[in-house]
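Throw the hints in and build the complete structure from the sequences for me.
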Amino acid sequence: EKLTKEMDYLWKTNQETQNNLNQETSKFRSLVDYVSLRKVIITIQYQKMHIFLDEEEQLHLQALEREAKELFQQLQDSQVRMTQHLERMKDMYRELWETCHMPDVELLQDVRNVSARADLAQMQKPQPVNPELTSWRITGVLDMLNNFRVDNALSTEMTPCYISLSEDVRRVIFGDDHRSAPMDPQGVESFAVWGVQVFTSGRHYWEVDVTHSSTWILGVCPDSRTADTNIVLDSDETFLLISSKRSNHYSLSTNSPHLIQHVQRPLGRVGVFLDYDNGSVSFFDVSKGSLIYGFPPSSFSSPLRPFFCFGCT
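As numbered in our numbering, the sequence shown has no gaps in its residue numbers, which increase by one up to the final residue, 346.
Careful, some of the hints might be misleading.
As the list claims (entries may be wrong) - Each pair of labels, with its calculated beta carbon distance range: (1) Ser247 - Ile84: 36 to 42 Å; (2) Met125 - Pro161: 34 to 40 Å; (3) Asn180 - Thr244: 20 to 26 Å; (4) Pro161 - Gly301: 41 to 47 Å; (5) Met191 - Glu103: 55 to 61 Å; (6) Ile293 - Glu103: 50 to 56 Å; (7) Val73 - Asp310: 28 to 34 Å; (8) Leu300 - Leu86: 24 to 30 Å; (9) Gly235 - Leu43: 33 to 39 Å; (10) Met82 - Met191: 39 to 45 Å; (11) Thr244 - Thr167: 19 to 25 Å.
Worth flagging that the hints you see were computed from the coordinates, not collected in a lab. Note that the coordinates shown come from a computational prediction; the quantities given were computed from them, not determined experimentally. Just so you know, even glycine gets a beta-carbon here, dropped at the ideal spot from N, CA and C.
This is the structure in structure tokens:
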């Protein structure tokens, strides 16, 4: 009887194991089919994403063309208004000069008339146009960049230093006033924060909070610059985004090449993406998920370190 029970147990165990084996075999075949199907589904989804991103790209380019056309028209209209205003001011100046040589009685009457017209003209003084383009959100760009995120990219230690911009950069930022701009050749006392890590290869992304600073410089610099306390931002392999103030207007610019960026200045976090192997540096407005600027691809030969400076313009 005991043997019979053992045999029954072994038989049931054998049957159960056989059933499990059959199920595992079925699962294997099912998984093989599903993996093949899954590959097709994923491929189709990425194809849809490519189509969607292509469509989004075209929409952004079309919107840029429309917006640029409007801004060009506004600038042309502004030029006309300013030219007309300038001619009126010249006419009034000539009238005032002639009035100065009139007899006293005529002078008093004419001064009142010209003065009233001058006051009116001053009230009608045309204001400059700020040619600022919209930064459009790029779907999924921040998700992609966060795959390369570097935590604590910048040190918590601030280093006092003197920052000077090269003549070319100053000319772009301040135009004809660049020689009398705040950043004189002796530099402006600032605070610099350097990256914790040095990059010599790979792709890296980090973010810098500029919420509490209206004038700043950020990007990447050669590692050799970290020992400097007098920094002239003009060297090769220095890729920077600069927020500066001219009169009452803040603007963005870049070095290498030296360009004014006609987009809204980011007020929160700025993302920096360094693709060392492909020689590219890009800046992003994190709150909008939009591109600020991407430098043309180049070739890096020096170790690069993140850089952030505030109180510098």
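Item to complete: Return the numbers of the hints above that this structure violates; sort them in rising order.
Response: The structure conflicts with hints 2, 4, 5, 6, 9, although it agrees with all the remaining ones.
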